[in-house]
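Protein chains in written order, with the working numbering: chain Z, 1 to 119; chain U, 1 to 404.
Rather than coming from a laboratory, the hints here were simulated on the basis of the structure.
Note that the coordinates shown come from a computational prediction; the quantities given were computed from them, not determined experimentally.
Treat the hints with caution; some may be incorrect.
[Unchecked claim] Taking lysine-lysine pairs in the DSSO-like style, the calculated list, with each CA pair at most 27 Å apart, reads:
hint, chain 1, residue 1, chain 2, residue 2
1, U, K221, U, K170
2, U, K364, Z, K87
3, U, K110, U, K266
4, U, K109, U, K188
5, U, K155, Z, K39
6, U, K170, U, K266
7, U, K188, U, K266
8, Z, K50, U, K364
9, U, K221, U, K188
10, U, K378, Z, K87
11, U, K13, U, K188
12, U, K266, U, K378
Read off the chains here:
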Amino acid sequence: MGDERAEKMEDEDFYGGCEGSDSAYVKLISSDGHEFVIKREYALTSGTIKSMLSGPGQFAENETNEVYFREIPSHVLAKVCQYFIYKNRYTNSSAEIPEFEITPEIALELLMAANFLDC
Amino acid sequence: MHFSDNAVIFAAKAQRSEETPEVRDIASVFASNSLWKPVDETTCCDFSLNGSVFAWSLGQGFVGILTNGDDNHVDFESPFHGLNSCTRVIDCGENVTSLVFLPRIPGSKKCDHDALLATGLRRGPIKVWNALTGDVCNILFDHTSRVTSLTFAPKGLNLLVSSSHDKTLKVWDMADNGNMCMTMRAHKQSINACAYSPTDSQMLASVGGGREVFLWNLTNKRRTGRPTQLLGHRNDVRSCAWSPDGALLATGSNDSSVIVWDVVSKTKVITLGHMCPMPSSIYAGGANGHWVSCVAFSRDGTKLVSTCEDDRARIWHLYDNHISVDEIPLSKVATRCTFSPNGKYAAIGQADGSVKIMCDSNVKIPSLAHLSRMAARKDTKQDKLQTIGQTLPYLINQYLRYRC
């Protein structure tokens, strides 16, 4: 596995993968099967995801760096990922902060997801 | 953070937040004139809706305008050197007792720009200006006493509502060249402030002397039902402000407290006390040295600024783990306060025509739960809240109603 990776580095831009405990990316899977690959540090904005991925004990999530959300549909999980990036981009930044748009149709589901994810 | 039904948070006992905010001053232009003393004036200040223009009353009927010259948010970086630093000075002719920026009015030629400023004057007229050029757009003449507050309807209804010491509220139709549509009478004493709900174009709050806090339901611009009264204050109520999702109303009063009300259930959510312990009824109803003159919510709904007679302005951060308070001392008695649209600045007008600007360079991003709550409440009518509540788990329902 290590050799293949070393070869890839010379050939193309290397983005890192989801394998291993220090991977740069993690995969969040919604209830309807959409997989969202997002940088680990952004996903750690959520307290729940943080404890799932780095808590003590051998969680399956710890091994594969995938978290499956059985109750969060993809249109909500996409918005959650957008919030992670919004928060990381504009925290401690002096740039003009734009408003985070939430359409009224998803507001309640997003509230429940945010409550579960503690973010 | 749990808001129990009669929770009172005292300023003296609340946690201080970690950083002290930076303070900038806009000095009074009349300070060097020893003969001038501010009498019967209110130093009001307001930011335009996109934040690019800042207006405040200098005293003697003058209004100073500050802008960067472009559409960017006004910043207070350059030091203020008196009248020359103002982009423009508008002479209103009489002492200015309230001012507010209005949204554009598309139909009218003179009013279709972003710097429409309405100023309420001491004897009753309301003059509407183009803040950037200094031209008068309209003069609205009907009140018989000082105009204490101005507010405009949301959602493009083009209505301006003014409250006055003559115990009436008047509704003006700005799209119809400022014609007066309706006079609302219910207050028994002078009205100190009024505010339109930012999301519900039929709901208007007005507060005044005699502990009165009224919620009006306007069926249209010519008719209104009888107002409902919110009981709880123990002295004259000086100011009211809505949270940006229209779910909470904060009222500041001479009884040293700011009460935040849940508008749907008409109950108190939390009380912010400026005097610890809470004054007993005798002091609450009279002089206690801690009269609260003004309250305002920030545009993201997480902060509340209040100005108090004990020469302090306080910014309350409502949704951290505990309510925390930033205090700044003021040199003169403060009359009005407001937040800028980008949340970075809080402007506090002081009685001699000077303004203190509190700068918060690290604006915190609210949590996703709070942002979703605001988005859900903005869109939900009061009657639907009940049906929605039945489908949600208990704790989320309480969170949605600002109960925890």
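Evaluation of the provided hints:
1. U:K221 with U:K170: 10 Å, holds
2. U:K364 with Z:K87: Since the Cα atoms of U:K364 and Z:K87 sit roughly 9 Å apart, the hinted pair holds (cutoff 27 Å).
3. U:K110 with U:K266: 40 Å, violated
4. U:K109 with U:K188: The given pair, whose Cα atoms are some 39 Å apart, is violated under the 27 Å limit.
5. U:K155 with Z:K39: 39 Å, violated
6. U:K170 with U:K266: 24 Å, holds
7. U:K188 with U:K266: 21 Å, holds
8. Z:K50 with U:K364: This hinted pair holds, its Cα atoms lying about 21 Å apart.
9. U:K221 with U:K188: 23 Å, holds
10. U:K378 with Z:K87: 22 Å, holds
11. U:K13 with U:K188: 36 Å, violated
12. U:K266 with U:K378: Status holds; Cα separation ~17 Å.
Going down the numbered hints, you'll see the structure goes against 3, 4, 5 and 11, while the others check out.
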